[in-house]
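Work out the full structure: start from the sequences and follow the hints.
Residues -19 to -1, 1 to 423 in mature numbering (1 follows the signal peptide of the UniProt record, and there is no 0) are what the sequence shown spells out, letter by letter.
Treat the hints as calculated values from the structure; they're not laboratory data. Cβ atoms here follow ideal geometry from the backbone N, Cα and C, with glycine treated the same way. Keep in mind that the hints are not guaranteed to be accurate.
What the hints assert, rightly or not - Derived CB-CB ranges, DEER-like:
1) 338 to 13: 23 to 29 Å
2) 337 to 119: 16 to 22 Å
3) 304 to 338: 51 to 57 Å
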Amino acid sequence: MRTKILSLIAFIFFITLNAQDKKWTLQECVNYAIDNNITIKQNQLNVEISQENLNSAKGNFLPNLNASTSGNLNFGSGFDPVSQDRVSTSTFGGSFGINSGITVFNGYRNLNTYKQAKLGVESSKLDLEKIQDDISLYVVNTYLNVLFAKENLNVAKVQYEISNKQIENARAKFEAGVKPKGDLLNAQSTAAADEQAVIAYENTLNLALLDLAQLLQISPVGFDVEIIQVDSPSIAMLYNNPEDVYQKALTNRPEIKRAELDIESADLSVEIAKASFLPSVSFGANIGTGYGYNLKNNSHIPYFTQLDNNLGYGLNFNVNIPIFNRNQTKSNVNRQKINYEISKFGLENQKLQLQQTIQKAYYDAKAAAKTFESAQKSLLAQNEAFKNAQESYNVGAMTQFDFDLVRNRLVSAEGAIIRAKYDYIFKTKVLKFYYGESITLN
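Structure representation (structure tokens):
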């Protein structure tokens, strides 16, 4: 028994350890966000509501069917349910009935309502697609921030290691009487500053991981991501001009399709309102029967015989011709026409917003490409300067202070190129996103 308990504890510990060691990939983060994000779930329910609205609109083409029954108990003067004479008595009776009706014509209101409900389903699906796209892009950006923080932390750790080596070098030279104690103190001060930088970047990384975990709506405890080897991107622009991206986006962006469907739906609303000008025709059928008893007279016709004798059928049709309804229909039609014009402006506004967003994204990416190119040149030059400074410092031709200046410039250049790289990567991904291409980091 003890062995089983120990085995169970070991198994639970193993599972917990593996759960903590799990590192999320970008695709896992995107998939999890799409499957579990609350806003996305709300929009998925909106799709279901739209589908139920469509089912309801379909039902308008079907006949209805209703059953009814009633009972009554009368005292005093009344009609004998058997003889139908007016007498002073007490009676009990009831009735059963079934009726059905169907709309034959109502100015195509049912047909247009059905078409509008179908557009509603498509619109809600496009809303869902839009929020899924936005969440996916946000996850990619937040994931890149984590990778950016990891690279900065790695650079800071390397610099801290270099600082520690400089302390050893300065101590050896000081003890040998080659260098003054000031150089050793400067090296120790630089190492302390680099250690503080490591701590600061560790905190930045923790905050970046927290942002991603909160976006995924999961616990940040033990959360981490896989490091993706993001190669240095090409500085060549993916697209010649923003208009190319905009024209492609007009064909694939869900917000544009949604605005186009809004126009179709508004046009159908006009037709539905106009239906009130037209006659409506409905048809119905009914069947019913009843029974009754004179409570003071024990002589009565048997129950089922009464039901059979009182059985009746009926057919009916109704034609409603509108003549004047205080201009209510006319005003409603005019309102729907105004809404139709508003929806057309809505489409133009969506197009304008999309064009402005793409233009900004394009020029941001273009500027980021130039910044990245400049950062590459700067890093190359600072690497060479650092190598020369290190050689000079090692042979005693450069002071610790001057060496630290060169090294700090190298650190700044390394940080600048990391920042420029991820900034450029994300901004090119945004352009790909609007062009309809994959936004993965591969």
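Verification of the hints:
no., hint, in the structure
1, 338 to 13: 23 to 29 Å, "holds, 27 Å"
2, 337 to 119: 16 to 22 Å, "holds, 20 Å"
3, 304 to 338: 51 to 57 Å, "holds, 52 Å"
The structure meets every hint from the earlier list without exception.
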